[in-house]
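Participant: So the chains spell out like this:
2 protein chains.
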Amino acid sequence: MSRLTLTKTAEILLSKDNILVLCHRYPDGDTIGSAFALCRALRKLGKKANVMCGDIFPSVYSYIYSDFEQLDMKESFIVAVDVADKSLLGILEKPYGGKVDLCIDHHGSNGFYAKDTYVDASSASTGEIIWSLLPKLGVEADKDIANAIYTAISTDTGCFKYSNTTAKTFRTAAKLVDIGADVAKINTLMFDTMSMGRLKLERAALDSMRFYCGGKIASIALTAQMFEESGASEGDLEGLSSLARKVEGVIVGVFVRDTGAGYKISVRTHQPANACEICKQFGGGGHNAAAGGFIKAHSIDEAVDMVINAAAKHIGEEYVG
Amino acid sequence: MSRLTLTKTAEILLSKDNILVLCHRYPDGDTIGSAFALCRALRKLGKKANVMCGDIFPSVYSYIYSDFEQLDMKESFIVAVDVADKSLLGILEKPYGGKVDLCIDHHGSNGFYAKDTYVDASSASTGEIIWSLLPKLGVEADKDIANAIYTAISTDTGCFKYSNTTAKTFRTAAKLVDIGADVAKINTLMFDTMSMGRLKLERAALDSMRFYCGGKIASIALTAQMFEESGASEGDLEGLSSLARKVEGVIVGVFVRDTGAGYKISVRTHQPANACEICKQFGGGGHNAAAGGFIKAHSIDEAVDMVINAAAKHIGEEYVG
Numbered sequence: 001m002s003r004l005t006l007t008k009t010a011e012i013l014l015s016k017d018n019i020l021v022l023c024h025r026y027p028d029g030d031t032i033g034s035a036f037a038l039c040r041a042l043r044k045l046g047k048k049a050n051v052m053c054g055d056i057f058p059s060v061y062s063y064i065y066s067d068f069e070q071l072d073m074k075e076s077f078i079v080a081v082d083v084a085d086k087s088l089l090g091i092l093e094k095p096y097g098g099k100v101d102l103c104i105d106h107h108g109s110n111g112f113y114a115k116d117t118y119v120d121a122s123s124a125s126t127g128e129i130i131w132s133l134l135p136k137l138g139v140e141a142d143k144d145i146a147n148a149i150y151t152a153i154s155t156d157t158g159c160f161k162y163s164n165t166t167a168k169t170f171r172t173a174a175k176l177v178d179i180g181a182d183v184a185k186i187n188t189l190m191f192d193t194m195s196m197g198r199l200k201l202e203r204a205a206l207d208s209m210r211f212y213c214g215g216k217i218a219s220i221a222l223t224a225q226m227f228e229e230s231g232a233s234e235g236d237l238e239g240l241s242s243l244a245r246k247v248e249g250v251i252v253g254v255f256v257r258d259t260g261a262g263y264k265i266s267v268r269t270h271q272p273a274n275a276c277e278i279c280k281q282f283g284g285g286g287h288n289a290a291a292g293g294f295i296k297a298h299s300i301d302e303a304v305d306m307v308i309n310a311a312a313k314h315i316g317e318e319y320v321g
Numbered sequence: 001m002s003r004l005t006l007t008k009t010a011e012i013l014l015s016k017d018n019i020l021v022l023c024h025r026y027p028d029g030d031t032i033g034s035a036f037a038l039c040r041a042l043r044k045l046g047k048k049a050n051v052m053c054g055d056i057f058p059s060v061y062s063y064i065y066s067d068f069e070q071l072d073m074k075e076s077f078i079v080a081v082d083v084a085d086k087s088l089l090g091i092l093e094k095p096y097g098g099k100v101d102l103c104i105d106h107h108g109s110n111g112f113y114a115k116d117t118y119v120d121a122s123s124a125s126t127g128e129i130i131w132s133l134l135p136k137l138g139v140e141a142d143k144d145i146a147n148a149i150y151t152a153i154s155t156d157t158g159c160f161k162y163s164n165t166t167a168k169t170f171r172t173a174a175k176l177v178d179i180g181a182d183v184a185k186i187n188t189l190m191f192d193t194m195s196m197g198r199l200k201l202e203r204a205a206l207d208s209m210r211f212y213c214g215g216k217i218a219s220i221a222l223t224a225q226m227f228e229e230s231g232a233s234e235g236d237l238e239g240l241s242s243l244a245r246k247v248e249g250v251i252v253g254v255f256v257r258d259t260g261a262g263y264k265i266s267v268r269t270h271q272p273a274n275a276c277e278i279c280k281q282f283g284g285g286g287h288n289a290a291a292g293g294f295i296k297a298h299s300i301d302e303a304v305d306m307v308i309n310a311a312a313k314h315i316g317e318e319y320v321g
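Chains F and H, in that order, give the protein sequences. The C-terminal position of the first sequence is numbered 321 in my numbering, with every residue numbered one higher than the one before it. The C-terminal position of the second sequence is numbered 321 in my numbering, with every residue numbered one higher than the one before it.
Wrong hints could be hidden among the right ones.
Just a sample of chain F residues kept apart from chain H, beta carbon distances all over 10 Å, derived [stated by the list, open to error]:
id, residue
1, A167
2, R171
3, A174
4, T223
5, G262
Stretch-level coverage of chain H by chain F, calculated; a stretch enters the list once three of its residues show a Cβ under 8 Å from a Cβ in chain F [to be verified]:
id, stretch
6, 132-139
7, 174-185
8, 278-285
9, 300-311
Bear in mind the hints are in silico, worked out from the structure with no lab data behind them. Just so you know, even glycine gets a beta-carbon here, dropped at the ideal spot from N, CA and C.
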């Protein structure tokens, strides 16, 4: 359970072969982009390496993996990327949860479940860490790697919009453009295209929006039926949890979703509110401005009520549900 | 009417004093950010310089100019920034249209109405040009200048999303962060805040969305009543006309609004459809991907029907309204 430097992380990877790279469930651009960038880099070193995820990759990311073939390989070293806790491995938790050799992550809430861990919470995305790792591995990024890392960085920063964006994020993006990353194409796909399912989800989300504490808190509640009727996929949910916080005056945006197997909460905050502090009360975690978790409740209304209650207390407001 | 190099542009500015910097009407982040960045830079050189615009600056940009005071000055040199044509000076066209000494712009369509002009159409924003001008003026950017230029760059690239974003755009942004630009604060204001009116407008727009020709055409119809009930301002309409085109499979997005004084149409297309060709049929015009116009009809439904009909014919599809 040791905490590594980036140099030591590279040394360990260089000493291994037959490496399996794991993504977190509900895979997003950062875990997918980081995993394929790392896997392709390891293969460029002549190593065998594969990528696995407990969930199906959303097809919107297919440009990252459409030409990627799994190798016939018996894994002897397991790496998890962007996976803050082993429970986030989803159905891969059972076979691999206790066997992760190395975790590379940017979540300050990382549970240090792996044998060795490299965490840089100041990094806007795990993709940025993989980018910094490449020269230490002696790998020169090609266009495929650049596209994967650009996807990781741009999605986890909301296209350089969120407060986690740093000068390093912009410098990395500049270098990725130099290498030939398809920035315009990826941006259109990630930020300017919505499926019919997403359209219906957004409509339902807007219809469900409620305000509390004089408009300082807003909630969106997505029932299993709403999700079902929209025909949306898991990937269509991305970014929806930030919608409530966008409204002028809102400092805590709460998103609750009935997954069918429990209530998933996502909290997005503006300073001085702290999303992680709110989610911790339900055993969740994350970053200061964006955190999440699961909540036990009898109904989605009760789940929303519990989070609004915690959020109201957190910002020092009264709320009677 | 000569076309300058950037070095010559700097030399001319260095030789002048009492400089008035003009913005275009309907002022946006690029013209405002560029003007204040240039004006502050000129003042750092000990020169007198002011900023003027025919329209009132939207208050969302107040962080750029809230501490800025106009100097008592009789202007002897007029600079227009991001103003492609003198008609875009609005009510300042009459006093200054024929008297602009220097125009600094990034529009390929620049009309060369000024005595001297520096145009770089490869630049994503005029702000990027001002940034490149600073070292030639011998001015070191401070935080105020960095915030102004960051605003110019980020708004004209849709927060680094549009296809005009280059490696240089990212490198400039990185340097602005180094200088202390309030990137997170500015991004939240520009890209992550919507008024309650906008929220209601978006909800109404999504509810009104209809699809035609197997999903290749989509329409949004905004009645005067919907606009009224939302409590939205004119500014809240920005970008709403692009919403229909965002849906996967849509190549023609039609937006019709009952302004109370006629039906305003906005058409947004993906290739091979051409928005300008569609709008021309109603006496309108614009760019290949974004065009508009006004239409005479007895009802908003009839107006929508007329545009859908024209759009269907344009893409070679059958439509029976």
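Participant: State for each hint whether it applies.
Facilitator: Tested hints:
At roughly 4 Å, the least C-beta separation between F/A167 and chain H is not larger than 10 Å, which violates its mark as non-interface. The non-interface label for F/R171 is inconsistent with chain H: the shortest C-beta to C-beta separation is roughly 5 Å, within 10 Å. Distance to chain H contradicts F/A174 as a non-interface residue, since its nearest Cβ pair spans about 4 Å, not more than 10 Å. The non-interface label for F/T223 is consistent with chain H: the shortest C-beta to C-beta separation is roughly 18 Å, beyond 10 Å.
Its beta-carbon lying about 28 Å from the closest one in chain H, F/G262 satisfies the requirement of being farther than 10 Å from that chain. Residue count for the stretch 132-139 of chain H with a Cβ under 8 Å from a Cβ of chain F: 0. That is fewer than the three needed, and the coverage hint is violated. Counting residues of the stretch 174-185 of chain H whose beta-carbon sits less than 8 Å from any beta-carbon of chain F gives 6, enough to reach three: the coverage restraint holds. A stretch counts as covered by a chain when three or more of its residues have a beta carbon under 8 Å from one of that chain; for the stretch 278-285 of chain H and chain F the count is 0, and the coverage is violated.
Restraint check on the stretch 300-311 of chain H versus chain F: 0 residues with Cβ-Cβ distances below 8 Å, three needed, restraint violated.
Violated hints for the displayed structure, listed by number in ascending order: 1, 2, 3, 6, 8, 9.
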